[in-house]
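Chemist: Residue-level listing of the chains:
Number of protein chains: 2
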Amino acid sequence: MTKTLILGGGGMVGQKLANRLGPDANITLFDIAFPPNSAPGVQKTGNVSDPAIAKSLASERFEVIYHLAAIVSGEAEADFDKGWSINMMALWNLLDALKDEHEASGGAYIPKIIFTSSIAVFGGPFPEMIDDEFLSAPQTSYGAQKACCELMLTDFSRKGFVDGISLRLPTICVRPGKPNAAASGFFSGIIREPLNGQTAILPVADTVRHWHASPRSAARFLTHAAALDTAKLNGRRALNLPGFSCTVAEQIEALRRVAGQSAVDKIKHQPDETIMKIVSGWPRNFDPARAIELGFKAESDFDEIIQVYIDDDLANSASR
Amino acid sequence: MTKTLILGGGGMVGQKLANRLGPDANITLFDIAFPPNSAPGVQKTGNVSDPAIAKSLASERFEVIYHLAAIVSGEAEADFDKGWSINMMALWNLLDALKDEHEASGGAYIPKIIFTSSIAVFGGPFPEMIDDEFLSAPQTSYGAQKACCELMLTDFSRKGFVDGISLRLPTICVRPGKPNAAASGFFSGIIREPLNGQTAILPVADTVRHWHASPRSAARFLTHAAALDTAKLNGRRALNLPGFSCTVAEQIEALRRVAGQSAVDKIKHQPDETIMKIVSGWPRNFDPARAIELGFKAESDFDEIIQVYIDDDLANSASR
Chain A
162 MTKTLILGGG GMVGQKLANR LGPDANITLF DIAFPPNSAP GVQKTGNVSD
212 PAIAKSLASE RFEVIYHLAA IVSGEAEADF DKGWSINMMA LWNLLDALKD
262 EHEASGGAYI PKIIFTSSIA VFGGPFPEMI DDEFLSAPQT SYGAQKACCE
312 LMLTDFSRKG FVDGISLRLP TICVRPGKPN AAASGFFSGI IREPLNGQTA
362 ILPVADTVRH WHASPRSAAR FLTHAAALDT AKLNGRRALN LPGFSCTVAE
412 QIEALRRVAG QSAVDKIKHQ PDETIMKIVS GWPRNFDPAR AIELGFKAES
462 DFDEIIQVYI DDDLANSASR
Chain B
162 MTKTLILGGG GMVGQKLANR LGPDANITLF DIAFPPNSAP GVQKTGNVSD
212 PAIAKSLASE RFEVIYHLAA IVSGEAEADF DKGWSINMMA LWNLLDALKD
262 EHEASGGAYI PKIIFTSSIA VFGGPFPEMI DDEFLSAPQT SYGAQKACCE
312 LMLTDFSRKG FVDGISLRLP TICVRPGKPN AAASGFFSGI IREPLNGQTA
362 ILPVADTVRH WHASPRSAAR FLTHAAALDT AKLNGRRALN LPGFSCTVAE
412 QIEALRRVAG QSAVDKIKHQ PDETIMKIVS GWPRNFDPAR AIELGFKAES
462 DFDEIIQVYI DDDLANSASR
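In order, the protein sequence lines correspond to chains A and B.
All residue numbers for the first sequence refer to the numbering used here, where the first residue is 162 and numbers rise by one.
All residue numbers for the second sequence refer to the numbering used here, where the first residue is 162 and numbers rise by one.
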């Protein structure tokens with residue numbers, strides 16, 4: 162059984178991943194807190210940016226480490242120190258501690274690290290379609306922190322201390338659970354709320370185009386990356402992942418096909434200048450040729466993304 | 162008088178810069194050591210990666226800070242921990258301390274920071290000509306450290322704590338002084354040694370193309386950046402600087418024009434597989450359109466680069 166650590170294991174993607182790995186997997190979940198009815202695994206709580214925690218976790222010599230721990234974009238923008246501490250220094254401390262273990266093992270211990278980066282490493286002006294050669298010029302603290310982590314992980318890997326890969330996830334949609342404060346929350350909300358019989362607010366024009374993949378795809382990306390031979394990455398260890406690009410209008414049409422006009426009628430358009438401005442700075446579409454060639458797969462239409470939510474999360478949602 | 166700090170003020174470029182600013186400027190030079198007959202300025206010695214030093218320097222509230230302190234590419238590759246400490250964490254500590262001063266001043270103190278990055282932030286495969294949109298994918302620790310610094314400086318600047326700019330310097334040629342261990346050293350050596358009546362080793366084929374600017378241009382880039390309105394950077398605060406692209410054969414032809422066949426005869430071709438491999442991973446040519454539009458200027462032929470060495474450094478060299 163592969164000895165596995167999931168940092169950020171209490172979060173939505175961490176829980177999906179732990180469930181995907183299953184109850185028989187040898188998993189430790191680390192987070193500041195866990196939801197009730199958590200996915201299976203040994204739970205540890207603490208602050209991921211504490212160097213003593215990094216040392217302690219490294220000393221357990223996990224074979225595979227999923228590093229999903231982060232504060233979200235909005236919080237990283239509002240709390241600058243916390244953002245750099247959790248989103249950047251925590252990975253630095255972990256890599257530094259893992260390098261010590263690597264050296265203590267005489268070079269035998271080389272953990273696989275799968276790091277969730279983000280399309281926030283990109284900043285405008287954008288082409289209509291972002292290819293694998295597009296430069297990383299983030300315009301948020303969150304994006305800058307993720308980009309620094311990619312550089313560190315690549316360099317520690319190039320030196321052979323660890324074996325890392327950075328996955329630039331699309332926006333995860335449909336997120337289960339309650340609405341959160343993320344500016345991107347409405348992309349999920351306009352689907353999730355109507356399917357739960359509730360009203361949803363659409364704060365932007367329905368011409369807005371964005372890049373989506375389901376939580377199920379996110380968990381699949383992670384396990385696919387863990388099994389990947391990183392020699393195939395040719396030293397470029399940060400990957401733009403596949404997703405599905407569509408406009409809000411196309412999202413709404415898919416909802417109509419899946420759940421009918423009554424669901425669509427639950428969406429109320431209330432323009433919000435702040436959110437419109439943030440969203441206008443986001444990528445709209447990608448050509449993730451390298452990741453596709455490496456076998457990463459996402460949904461190929463938005464109806465399928467909605468269906469994944471219905472299959473995986475709607476029942477749990479209704480029972481709450 | 163602008164209160165100015167030069168970190169790495171004891172190095173070759175730092176000394177050129179201090180001399181360019183002149184004896185009447187209000188300059189503090191910080192480094193681990195200084196050459197005899199140092200350029201003018203108050204000298205302070207210490208380890209730039211010590212957080213207490215960063216705090217102490219920040220508390221002096223310099224208006225302009227030139228951050229040139231670094232260990233070179235070869236040393237960063239050989240001593241991983243020292244490279245990340247000096248080349249990355251030192252700037253982090255300084256930015257963190259400057260942010261504290263910014264906040265203590267009620268937001269009034271916003272130092273200008275000019276950071277010397279490098280074309281090492283780029284990694285192959287390269288196009289023949291690298292434009293301003295080419296991605297940063299470093300393949301050395303030095304390049305990764307410089308790229309992280311660019312990201313941090315941009316984010317601290319975007320938030321208004323400091324006002325920074327990162328300058329991706331060409332290879333500086335002709336470097337005065339004795340040969341050093343840098344893999345790029347021969348680009349200077351094949352000009353400098355013959356002009357000083359000594360034999361020079363050429364370890365690569367004369368078809369190798371590279372990107373050069375003189376030490377005088379480097380100092381001029383720095384003062385030009387200090388005077389620049391960074392609003393013109395539109396949030397992309399890392400700049401590829403102008404230089405002159407030529408092959409080693411073209412360097413040698415220029416040497417022949419300037420100093421005759423007897424100088425050229427001092428160059429001995431001794432192929433070195435290690436250096437050939439390193440150099441093959443370096444950029445060859447740039448189209449630095451943004452920097453040119455912002456008024457940065459370099460030499461426009463290699464004869465001029467040689468003449469700058471003769472005018473600025475050869476006499477000092479001969480007197481040693």
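Hints should not be assumed to be uniformly reliable.
Note that identical chains are pooled: a pair holds if it fits in a single copy or bridges any two copies.
In silico DMTMM-like links for lysine to aspartate or glutamate, alpha-carbon gap of 25 Å or less [as the list claims (entries may be wrong)]: (1) 458 with 242; (2) 216 with 289; (3) 260 with 448; (4) 320 with 264; (5) 260 with 464; (6) 339 with 465; (7) 429 with 257; (8) 216 with 242; (9) 243 with 324.
Keep in mind that the hints were calculated from the coordinates and are not lab data.
For clarity, every value in this text was computed on a predicted model and none was experimentally measured.
Chemist: Now, for every hint given, state plainly whether the structure supports it.
Modeler: Structure-based check of each hint:
1. 458 with 242: neither (36 Å within a copy, 38 Å between copies)
2. 216 with 289: Neither, since 44 Å and 45 Å both go past 25 Å.
3. 260 with 448: neither (34 Å within a copy, 39 Å between copies)
4. 320 with 264: The answer is within: 12 Å in one copy meets 25 Å, while 39 Å across copies does not.
5. 260 with 464: The answer is neither: 45 Å in one copy and 48 Å across copies each exceed 25 Å.
6. 339 with 465: within (21 Å within a copy, 66 Å between copies)
7. 429 with 257: neither (49 Å within a copy, 44 Å between copies)
8. 216 with 242: For residue 216 and residue 242, both the intra-copy (22 Å) and inter-copy (16 Å) Cα distances are at most 25 Å.
9. 243 with 324: between (27 Å within a copy, 21 Å between copies)
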